[in-house]
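Asker: Sequence:
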Amino acid sequence: MKGRIHSMETFGTVDGPGIRFVLFMQGCALQCRFCHNPDTWDTATGRQVTVDEILQEIEPYLPYYRGSGGGITVTGGEPTLQAPFVAQLFKACKERFGLHTALDSSGFCDTTNASELIDYTDLVLLDLKQINKEKHEWLTTQPNDRILTFAKWLSERNKPAWIRHVLIPGITDQPEDLIALGEFMGQLANVEKFELLPYHRMGVYKWQQLGRVYELEGVPTPSDREVERARQIIEEARKLASYRS
1 MKGRIHSMET
11 FGTVDGPGIR
21 FVLFMQGCAL
31 QCRFCHNPDT
41 WDTATGRQVT
51 VDEILQEIEP
61 YLPYYRGSGG
71 GITVTGGEPT
81 LQAPFVAQLF
91 KACKERFGLH
101 TALDSSGFCD
111 TTNASELIDY
121 TDLVLLDLKQ
131 INKEKHEWLT
141 TQPNDRILTF
151 AKWLSERNKP
161 AWIRHVLIPG
171 ITDQPEDLIA
181 LGEFMGQLAN
191 VEKFELLPYH
201 RMGVYKWQQL
211 GRVYELEGVP
221 TPSDREVERA
231 RQIIEEARKL
241 ASYRS
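The working numbering puts the first residue of the sequence shown at 1, with every later residue one more than the last.
There could be a bad hint or two in this list.
To be verified - Calculated lysine-lysine pairs in the BS3-like style (CA-CA distance at most 30 Å, straight line):
1) Lys-133 - Lys-2
2) Lys-206 - Lys-239
3) Lys-135 - Lys-94
4) Lys-152 - Lys-91
5) Lys-193 - Lys-135
6) Lys-135 - Lys-2
7) Lys-193 - Lys-152
8) Lys-159 - Lys-133
9) Lys-91 - Lys-239
10) Lys-135 - Lys-206
11) Lys-239 - Lys-152
12) Lys-159 - Lys-206
13) Lys-133 - Lys-94
14) Lys-94 - Lys-206
Said to hold, decoys possible - Computed Cβ-Cβ distance ranges for the label pairs, DEER-style:
15) Lys-193 - Arg-244: 20 to 28 Å
16) Glu-192 - Thr-43: 16 to 24 Å
17) Leu-148 - Thr-10: 16 to 24 Å
18) Gly-203 - Lys-135: 37 to 45 Å
19) Leu-210 - Thr-149: 26 to 34 Å
Because the hints were derived from the structure by calculation, they are not lab data. Glycine included, each C-beta is placed from N, C-alpha and C at the ideal position.
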């Protein structure tokens, strides 16, 4: 079995606990207007690799991953598009190296197809981009029904998850949407951590290189105060929803 990858990083520190090997898969069904990796969208490009080839890349760095409580994180693109390959990779990482496995996903997938993959996943980093269905479709080109279903399914399976949300001024920071996000999170029993990530423009040059129009031109990075305000709104709504449930 081969997978199609975009790139890899051997010393990741922001995609799960500890120091991690981060594998970027090629292909994504979403086309987020703020994506910093639009070069990962095309399912026909990238490099084809086997599980053994990835294991060979990981092996020299095992002392760092094990010593730091880290492991491997597979991201994208959208890794669930290649769920069978990632499942076999995670299985091999566990059996051969005893590594912690993390899946960084938008959740836009069929839970049936992702079942085996989640069996070999220790932690899901779930990106909830916009809780409002219509706004989500404008922002990503797809509705969020599958994503919310996936989040609830993970909760039912008690699969540990970190929820991530990118705060984009004027787009994902409206109080009503932040409250709805907090209320949704409060219904989930498996959320170990919530990360509110400030929007950044570090990937804009890739849009330019690809000849794509970057439609969020002029949108600023939120201030620390704006991020903290949004966090408080989300957490208060989350606590209330958790108490009620």
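Asker: Against each hint, give a clear statement of whether it holds in the structure.
Answerer: Hints versus structure:
1. Lys-133 - Lys-2: Not OK: Lys-133 and Lys-2 at ~34 Å, beyond 30 Å, violated.
2. Lys-206 - Lys-239: 39 Å, violated
3. Lys-135 - Lys-94: Violated - the C-alpha atoms of Lys-94 and Lys-135 are around 39 Å apart, more than 30 Å.
4. Lys-152 - Lys-91: Cα-Cα ~24 Å, so holds.
5. Lys-193 - Lys-135: It holds: about 25 Å lies between the C-alpha atoms, which stays within 30 Å.
6. Lys-135 - Lys-2: 36 Å, violated
7. Lys-193 - Lys-152: Measuring from Cα to Cα gives roughly 16 Å; hence the hint holds.
8. Lys-159 - Lys-133: 24 Å, holds
9. Lys-91 - Lys-239: Given pair Lys-91, Lys-239 is violated - Cα atoms ~36 Å apart, limit 30 Å.
10. Lys-135 - Lys-206: 24 Å, holds
11. Lys-239 - Lys-152: Roughly 17 Å separates the two Cα atoms, so the pair holds.
12. Lys-159 - Lys-206: 34 Å, violated
13. Lys-133 - Lys-94: Roughly 37 Å separates the two Cα atoms, so the pair is violated.
14. Lys-94 - Lys-206: 35 Å, violated
15. Lys-193 - Arg-244: 20 to 28 Å: Holds, since Lys-193 and Arg-244 (Cβ atoms, about 22 Å apart) stay within the stated range.
16. Glu-192 - Thr-43: 16 to 24 Å: 31 Å, violated
17. Leu-148 - Thr-10: 16 to 24 Å: Roughly 34 Å apart at Cβ, these two residues miss the hinted range, so it is violated.
18. Gly-203 - Lys-135: 37 to 45 Å: 21 Å, violated
19. Leu-210 - Thr-149: 26 to 34 Å: Roughly 31 Å apart at Cβ, these two residues keep to the hinted range, so it holds.
Violation of the numbered hints given earlier is confined to hints 1, 2, 3, 6, 9, 12, 13, 14, 16, 17 and 18; the remaining hints are satisfied by the structure.
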